[in-house]
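> Sequence:
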Amino acid sequence: MIRNRRPDLRTAGLMFGALLVGVAWAVANYTGTGGERGEDQLRPLVWTIFSTPLALFIGWVVARRAELWLAAFSCFCLYFFTPFVAARIESLVYDEWYAAQSGHHLYFTLVMVLHGIVGLALVGWRGFPPVLPVARSE
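Residue 107 in our numbering sits at position 107 of the sequence shown; the count goes up by one each step and never skips.
It should be emphasised that the hints constitute simulated quantities derived from the structure, not laboratory data.
Between beta-carbon pairs, the in silico distance windows are:
(1) PHE80 with GLY32: 22 to 28 angstroms
(2) ILE117 with GLY13: 17 to 23 angstroms
(3) VAL93 with GLU67: 32 to 38 angstroms
(4) ALA72 with GLU96: 31 to 37 angstroms
(5) ARG43 with VAL131: 44 to 50 angstroms
(6) ALA28 with ALA87: 18 to 24 angstroms
(7) GLY124 with GLY38: 37 to 43 angstroms
(8) GLY124 with ALA100: 35 to 41 angstroms
(9) ALA24 with TRP125: 18 to 24 angstroms
(10) PHE128 with ALA24: 22 to 28 angstroms
(11) GLY103 with VAL131: 44 to 50 angstroms
Glycine is no exception: its CB is placed at the ideal position from the N, C-alpha and C atoms.
Sequences and hints are given; from them, build the entire structure.
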């Protein structure tokens, strides 16, 4: 016998909305640089990496205050490890010279895409619990 657990649409909706805001914020900051790299573009590029995990964390805490530490840990890991993965993928695709000449366009694009994909996985994990089998008593 299988017991269906109800999806938490409120949590999923709040987290998904926050994820969309974070991704939109990241894209707006990245496109605002105009492809240039310099001291003036540093702050928008930092926000490109930081905005999605921050927005997702805020949405998660608003939805489930009791999961503050789980949200903090998960979103910190998303923030911390995604740049390493994106940099590794960029180094496999482009050589160092071309990556620098392009302003690391692939790197920042990968960061935004990975944040979106992993963010969707986190929304699914917290908003749509798995169906668990129920033990039969005989």
